[in-house]
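A.B. asks: Listed below are the residues making up each chain.
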Amino acid sequence: MSRILEKLADQHEERLLNVLYNLENDVVKEVTRASKGQLVSQRLAIQLQPKIRQAIEENFLNEADILINEEYNKIAKEVLDNFGELKIPKKFKSLTEVDLQTINALKFQSFSGFEDIAERFLKVINDEVYQSAIAGRPFEDMVSNIRSHINGVYKQSNVREINELVDFVNENKFDVTKKAQVDEAIRKLHTQYASDRAGNNLRRYAGQIAHDSVMQFHGQFTVAKAKEAGIDKFSYTGTLVRDSREFCQRMLNRVLTEEQIREIWNTQGWAGKSTGDPFIVRGGYRCRHTWIPTIDETIDEIPEQPEEEQEEPTPIKKGRRSTLNNPVKESEVDVISSSIVADRLQKQITKNAKDERYPPVGNSRFSETNVGKVTGVEKLEDEIASQLNIVMQELDELAELYNVPKLRSITVSAKGRALMSMGDGNLRINPKYFNKKNVDKDTERFRNAFTGKGYSQRETDLAKKFKIGDSVTKERKKNPDTWVRPHNAFFYFDDEFDKFRNVLYHEFAHTVHQLKNRPKRIPLYDQPPIEEKLTNKVFDEGMFFKKGASRYSTADVQEWFAENFSLYHMGKEQLVDPKFIQFLEDEVLK
Amino acid sequence: MREIIGEAGDIVEKEIITLKDYKRFREIGRQINDEEFLYFASYDERMFLRLPEIAKKEGHNNWLEPEDDD
Numbered sequence: 112m113s114r115i116l117e118k119l120a121d122q123h124e125e126r127l128l129n130v131l132y133n134l135e136n137d138v139v140k141e142v143t144r145a146s147k148g149q150l151v152s153q154r155l156a157i158q159l160q161p162k163i164r165q166a167i168e169e170n171f172l173n174e175a176d177i178l179i180n181e182e183y184n185k186i187a188k189e190v191l192d193n194f195g196e197l198k199i200p201k202k203f204k205s206l207t208e209v210d211l212q213t214i215n216a217l218k219f220q221s222f223s224g225f226e227d228i229a230e231r232f233l234k235v236i237n238d239e240v241y242q243s244a245i246a247g248r249p250f251e252d253m254v255s256n257i258r259s260h261i262n263g264v265y266k267q268s269n270v271r272e273i274n275e276l277v278d279f280v281n282e283n284k285f286d287v288t289k290k291a292q293v294d295e296a297i298r299k300l301h302t303q304y305a306s307d308r309a310g311n312n313l314r315r316y317a318g319q320i321a322h323d324s325v326m327q328f329h330g331q332f333t334v335a336k337a338k339e340a341g342i343d344k345f346s347y348t349g350t351l352v353r354d355s356r357e358f359c360q361r362m363l364n365r366v367l368t369e370e371q372i373r374e375i376w377n378t379q380g381w382a383g384k385s386t387g388d389p390f391i392v393r394g395g396y397r398c399r400h401t402w403i404p405t406i407d408e409t410i411d412e413i414p415e416q417p418e419e420e421q422e423e424p425t426p427i428k429k430g431r432r433s434t435l436n437n438p439v440k441e442s443e444v445d446v447i448s449s450s451i452v453a454d455r456l457q458k459q460i461t462k463n464a465k466d467e468r469y470p471p472v473g474n475s476r477f478s479e480t481n482v483g484k485v486t487g488v489e490k491l492e493d494e495i496a497s498q499l500n501i502v503m504q505e506l507d508e509l510a511e512l513y514n515v516p517k518l519r520s521i522t523v524s525a526k527g528r529a530l531m532s533m534g535d536g537n538l539r540i541n542p543k544y545f546n547k548k549n550v551d552k553d554t555e556r557f558r559n560a561f562t563g564k565g566y567s568q569r570e571t572d573l574a575k576k577f578k579i580g581d582s583v584t585k586e587r588k589k590n591p592d593t594w595v596r597p598h599n600a601f602f603y604f605d606d607e608f609d610k611f612r613n614v615l616y617h618e619f620a621h622t623v624h625q626l627k628n629r630p631k632r633i634p635l636y637d638q639p640p641i642e643e644k645l646t647n648k649v650f651d652e653g654m655f656f657k658k659g660a661s662r663y664s665t666a667d668v669q670e671w672f673a674e675n676f677s678l679y680h681m682g683k684e685q686l687v688d689p690k691f692i693q694f695l696e697d698e699v700l701k
Numbered sequence: 028m029r030e031i032i033g034e035a036g037d038i039v040e041k042e043i044i045t046l047k048d049y050k051r052f053r054e055i056g057r058q059i060n061d062e063e064f065l066y067f068a069s070y071d072e073r074m075f076l077r078l079p080e081i082a083k084k085e086g087h088n089n090w091l092e093p094e095d096d097d
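Order-wise, the sequence lines are chains A and B. The opening residue of the first sequence carries number 112 in this note's numbering; numbering runs sequentially from there. The opening residue of the second sequence carries number 28 in this note's numbering; numbering runs sequentially from there.
If you're looking for bench data, these hints aren't it; they were derived computationally from the structure. What you are looking at is a predicted structure, and each value in this text was computed from that prediction instead of being measured. Hints are supplied without guarantee of correctness; some may be wrong.
Using 27 Å as the maximum straight-line C-alpha spacing, the simulated DSS-like pairs for lysine-lysine come out as follows [claimed, not checked]:
| no. | chain 1 | residue 1 | chain 2 | residue 2 |
| --- | --- | --- | --- | --- |
| 1 | B | Lys41 | A | Lys644 |
| 2 | B | Lys84 | A | Lys631 |
| 3 | A | Lys118 | A | Lys147 |
| 4 | A | Lys526 | B | Lys41 |
| 5 | A | Lys548 | A | Lys147 |
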């Protein structure tokens with residue numbers, strides 16, 4: 112791109128990022144003023160919403176408006192200057208009435224991009240305040256989270272070194288001679304001060320849209336003018352930087368027809384390619400190149416895509432539906448606010464609780480206090496709540512597969528020590544095992560138990576070695592030296608999301624043995640059919656359930672069922688007791 | 028590994044479980060150390076599933092300790 116365009120894109124990004132500090136201060140000031148630095152009540156959280164909107168409008172959107180209305184004319188001039196150099200009739204080199212209409216329409220379109228982001232983060236901040244009110248989150252934590260939602264690791268802090276690093280990054284971000292030092296400062300901010308923070312903050316999107324908006328406006332106006340002048344050849348223009356995409360490197364300075372450019376767009380893929388029109392989105396987000404019209408006689412061949420390019424990993428798609436056959440991976444989780452997850456799950460649970468296969472109230476062996484309710488999901492961090500939301504899709508599929516009702520309540524509570532428990536479709540989750548932030552001495556014990564670290568490291572190590580068929584007869588519960596299997600099936604999974612999923616599948620297995628084929632009315636404490644069959648198998652065939660892949664699977668036949676079930680449905684058939692598969696086929700799925 | 032965590036494991040695996048077993052289990056739960064945390068977490072899940080057996084014998088569940096009380 113031209114130096115002018117490059118400078119404009121960088122300037123706009125810098126101006127918008129600077130405004131975010133005012134926004135951060137204004138929002139925090141407003142919340143502090145209203146709450147007097149105390150816990151926020153739910154009522155106050157709602158009353159604050161218009162004030163937060165006002166802060167976003169006065170800072171972020173106001174600056175975007177100024178940039179677009181005052182600065183985008185310079186981009187249009189840059190396009191016309193380029194046309195001025197071409198040997199084409201004069202009438203195509205000046206600004207026409209139609210051009211002005213196009214420019215205004217494009218400005219309006221650009222502003223709506225900023226508005227979309229503003230709306231999205233308004234919701235995120237409102238959710239943060241409301242969620243804090245519900246969960247009783249300390250004021251300081253809420254403020255810290257709000258700052259993170261706006262500026263991420265670049266938020267203002269009480270720690271002097273953080274502020275110094277942030278200042279250094281902000282002052283030198285666009286200075287190529289200091290790129291190495293800036294990269295190091297960013298790395299330090301991430302690794303030493305905020306290693307657990309996701310990059311989904313307003314600053315990230317604001318910087319990107321400020322940059323891309325300039326480029327896209329230029330691209331759209333250029334194409335419109337080129338078509339008007341009947342030009343159909345374009346040269347891919349700009350400079351290469353260290354991390355330029357392979358596509359951009361391959362295309363640079365090539366002259367191609369519009370037809371060729373569209374063919375490339377439709378037939379080739381590359382890392383970082385985004386959706387849209389090739390003249391507008393070019394190489395992808397933050398691309399620094401443009402297609403400039405040319406009347407050059409020479410037309411290049413379409414450059415072939417290198418072999419290895421085709422092997423680039425598919426860009427991660429977030430937000431897709433998770434299925435048993437293709438479950439969403441940790442990297443694909445679209446992290447949304449836990450309060451949004453709570454709302455979604457509540458709708459689902461309300462519907463599920465009406466399933467007529469559930470025993471009438473008063474006919475369950477387990478507590479029915481929470482039936483139809485989703486309680487405490489806000490106590491889960493957004494990441495974990497989002498994971499729960501995803502696995503619920505898989506549990507629904509399992510419910511259909513086994514013809515049992517879908518879950519009818521979710522309670523997130525730190526009471527008790529179990530990671531989770533399940534009774535007749537009522538799921539309870541202890542957040543202390545799964546939340547990753549603000550881990551103190553007390554919660555570290557919970558975290559280690561789940562992640563297989565600290566005292567539980569032994570379990571992780573055993574999981575790496577054990578195979579079905581290894582002798583387990585010498586294992587003694589109280590003698591760790593005799594153990595050959597990990598205590599739980601979830602230790603067979605490396606990433607935390609899969610561990611979490613495995614515990615949920617385990618709990619769902621209890622729903623299967625509790626509710627599959629259960630008549631609506633049976634004497635209150637009688638065993639349901641599958642449990643009866645499991646018990647009979649034990650008495651008929653001896654202690655056959657002692658050979659699962661985890662020590663917990665030997666606790667009793669229901670845990671044997673649940674542990675094997677969780678491995679079986681998560682692609683670890685090689686660790687499943689063959690007798691479980693036989694039982695499943697003969698007694699459960701028949 | 029201490030005796031008491033083994034005892035907690037034995038309790039939840041008992042063929043017949045009683046209110047006395049439950050009370051003892053909860054007592055143990057208040058004494059476990061960091062090393063035993065994981066095992067008690069699993070036993071606690073097991074105990075939850077066995078509460079109906081005790082309720083059946085007792086005829087009610089007024090005996091639930093705070094850890095299990097909704």
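A.B. asks: Taking the earlier hints as the rules, which of them does this structure contradict?
C.D. replies: 3
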